[in-house]
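**Q** The chain contents come next:
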Amino acid sequence: MNQRKPFITVPLRLRLPLCLSIAAIALSGCTSVPVYQQQYVSKDGMTFSDNPAETDRVNLISQIEPGSAVSGGAQAAGCTACR
Amino acid sequence: MRLKSHIFCSIAAAVAPILAQAGIERTDGSFELIDSSDVSLFQMSSIIAAPIADWELDVSLSASDFTFDYKPVDFDFNGSDITRDEQNYALQLNGRKLLNEQTTLLLGAGTYDGFSNYRSAWLDEYYRQQFNDLTGVPGAELYQTASPKGINGNIGLRWMYRPSNAFAQLTVSQLQDDVAPGYEIDFDGLQRGQLALATTAISLSTENILTKRIRSLVSLRASQTSQRSWRYGSEIAFNVALAERWIARLQVGGTTEGPTFDAYYGNLAVEFAINERISMYLDGRYYDDTGEIENSFLFSSAAPGTSSRKFGLGIKWTNETWSGRFYVAPISSHFEAPGGNVDAFQNLYKDRDWTVFQLAFSRTY
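Each protein sequence line maps, in turn, to chains A and B.
Each residue of the first sequence is one higher than the last, beginning at -3 in our numbering.
Each residue of the second sequence is one higher than the last, beginning at 2 in our numbering.
Okay, chain A solo, but in the shape it has when bound:
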C-alpha cells in the first residue's frame, strides 16, 4: 500500500514559531492603532531596534548557538567529511 508523503514536511521544532508567525501576520490585519494611542508601544524597550544600547541581543551568542545565526555564510571551517 502506497503512502502519500506530505507535500511540505515541517520539522516539529519549526512548527511553533511558524504557527506563531502566521498568527501574528493574520492578526496584523485586524486593527490599526492611531498614532496618538501608541504611547505604550513607542516607549523605550518596546521597539525593535538595532541600537546596541536598546536591544537585548548578544552578538557573540551565535558562536554558542549555531542555529540562531541570522544568515548563512561560512560557519565552521569547511570540513571534508562533516556530514
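No wet-lab data here; the hints were simulated from the structure.
Backbone N, C-alpha and C fix where the C-beta goes; we use that ideal spot for every residue, glycine too.
It is possible that part of the hints are untrue.
As the list claims (entries may be wrong) - Some, not all, of what chain A presents toward chain B, calculated at C-beta under 7 Å:
#1 31
#2 37
#3 45
#4 47
#5 49
#6 60
#7 63
Unchecked claim - Straight-line distance between alpha carbons at most 30 Å, and here's what the computed BS3-like set of lysine-lysine pairs gives:
#8 B:213 <-> A:39
#9 B:150 <-> B:98
#10 A:39 <-> B:72
#11 B:72 <-> B:150
#12 B:72 <-> B:351
#13 B:351 <-> B:150
Unchecked claim - Coverage of chain B stretches by chain A, computed from C-beta distances (three or more under 8 Å per stretch; other residues unrestricted):
#14 26 to 35
#15 158 to 169
#16 235 to 249
#17 350 to 360
Using the hints, position chain B against chain A.
**A** Chain B alone, transformed into the frame defined by chain A:
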C-alpha cells in the same frame, strides 16, 4: 594582524570626515565579552549614522578577538597544547533611501578579515598540527595556511503597508567567503575541502503594532551555502507593555537544514522602569539543536547536538542625548555524547560554563 587593523583604522579615518561634514545623527558603541575557562570571545563595535544626500547611511566597524587553549585529545600523538589568539575585523555599510512615503530602498555591502568564530580556528589548529608537515605524502602540497575573509552585498525594499502601524521588508543577500578548509588523509594521500563558499540568503520580515500594548516582529529566512542544503529559519517576537512600568519581551525561533539539523530557541525578558531614566531587566534563554553529524561511519569535525541556557540581568539608562546598557549573564552549554566519529574533537565539543558581559552606549546629535 597589525597591518589589517591599520587598514581598517585607515578606512575609518577616511570615512569619519565625510560623515562629519554630512552631519552625524547618532553614534553607537558596544563591548561584548563571553568568557569560559579555556575560551574567551571579545568584540567591540561602533556604528555611525549620518545622512548623505538622499541617503541615510550607517557605517559599522567591529573588531573581535578569540583566544582559546587548544588541547589535543589523549590519543592524538601529533598534537600539542597551544594558546591561540585570532582577530577578526569587519566593515559594513548600509544605506536607506526613501523612494516615496511608504517605500524605502535598502542597500548594503561589507567585508571582513579573520576567523568568524572560535570553532573554525580550533579546527584549523587541529588540521595544522596534523597536516602541516607531510613530506613525501601525496597531496602534501595541498595544505596551506588559512586566511579566512569574506565580502557581502545586499539589496532590499521596506514597504510601510499600514502607515505608522506596520511594514514589511524583503532583503536578498549574497556572500562570498574564503574559508579555512578541512582536510582528511586516506590511502590516496591528503585531500582538501572547499576553499571558498558562496551563500545566497533571502529574508522577509514584518513588524506590526497589534494593539495599543503589543508590537510584533516576524522574520522568515532562507539561505543556501555551497554544496549544502537550504537552511530555513523563522522567528517571532512580541513586545508587550504589561503595565505603566513593566514590559515583557518574548522571542521564539527555529532553524532547519537538511538532512538532519534542527534548532529551536526561546527568550523571555521582563523589564521594570525604576524611574524615567533607569530600568532593569531579567531575561532567560534556552537553545537546543540536533547537531550536524549525519552518519557514524566517517571521520567528522561537525558538532554533535548542543543545548544552552542563559539567565541574565541588565540595567539601562537614558537621558536627552545619551543611552546605555550593561548586561551580565551566565551561560551553560552542553553537548550530546559525540560518538566515535568526533573523538578527535572532544575538547572542542565539551560542556562549558560561560559568562557574558555587555556594555553599550548610544549618543544622538
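**Q** Of the hints stated earlier, which fail here?
**A** Failing hints, ascending: 3 and 10.
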